[in-house]
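Trainee: Take the given structure of chain A and dock chain B to it, following the hints.
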Amino acid sequence: DQQVKQNSPSLSVQEGRISILNCDYTNSMFDYFLWYKKYPAEGPTFLISISSIKDKNEDGRFTVFLNKSAKHLSLHIVPSQPGDSAVYFCAASEGDSGTYKYIFGTGTRLKVLA
Amino acid sequence: KAGVTQTPRYLIKTRGQQVTLSCSPISGHRSVSWYQQTPGQGLQFLFEYFSETQRNKGNFPGRFSGRQFSNSRSEMNVSTLELGDSALYLCASTEGGPYNEQFFGPGTRLTVL
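Protein chains in written order, with my numbering: chain A, 1 to 114; chain B, 1 to 113.
Only chain B is shown next, with the shape it has when bound in the complex:
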């Protein structure tokens, strides 16, 4: 099985712009979660989608949004970028049950100038 893929791998944007990141889960996985990783903060949970519905959301401002398509692919959007949004954004997929391990993609490194 192919792993979780994320595109693009690297992005450079300027403050005020918006960005869309994409994640394709492992075939058959219906749950996709997004995380932000910054130095010293670990992985901060953004949101989780299952069958096109957001099931859970972390404590991030409304500038961070996401969606999931019928083929389980997911996108994450960040509007009005701030310098502090510079981070590694990771997505992870699971089959969707409560006791499943998550499989992570390689991440998208976003730099905001």
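So here's chain A without its partners, still in its complex pose:
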């Protein structure tokens, strides 16, 4: 059972435009969400996180939105740059329950076209 789903395996966006990556989850106990970026032959690198007490968190060009009622989060990248081309993973955890376990989605490959 995939508790964290990224239904779009790939996404292409023109440089300078907005990239929107989506993530859905099924476990209502998740209260901490993260986005990671991964380049080939490297480990994932942390981008941005959001706690369930918030509905938006912004860091430079990256903004994460959380819709708890829909169990949906999205990552917005504005403006998109060619260096943003990578695989993006969303992840979730039940921090409040102390399980210390992060569940990852299957990833979305973003390609930013110059």
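With a Cα cut of at most 27 Å, we get these calculated DSS-like pairs of lysine-lysine:
no., chain 1, residue 1, chain 2, residue 2
1, A, K5, B, K57
2, A, K71, A, K56
3, A, K101, B, K57
4, A, K71, A, K101
5, B, K57, A, K37
6, A, K71, B, K57
Now the stretches of chain A that chain B is said to cover, found in silico as 3 or more residues with beta-carbon under 8 Å:
no., region
7, 32-42
8, 46-53
9, 88-95
10, 104-113
Think of the hints as simulated: they come from the structure by calculation, not from any bench.
Glycine included, C-beta positions come from ideal geometry on N, C-alpha and C.
Mentor: Frame of chain A; chain B shown alone:
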């Protein structure tokens, strides 16, 4: 601070063999998690160790095991290798609290022939 290091970076083994992978976390981090990444499956959680104790475990068979040492370094062992075990194995470290971001190493690419 030095990042998370994993050794070896690449491994080729044959079916039935066993393998041990190593992970050194960021200095001061006490939690180490292991993940398996295969195409189309994302990162599958294997287990997490904190202060030498396994705190959580994913849904993998008993052939997959791990341990953590007093210096927080961790090892993962896979016995009786199968072709399906071919994957990128990633380890990640955090300070250990429930709302910490994980820092990943570059991974060990295991190929089982």
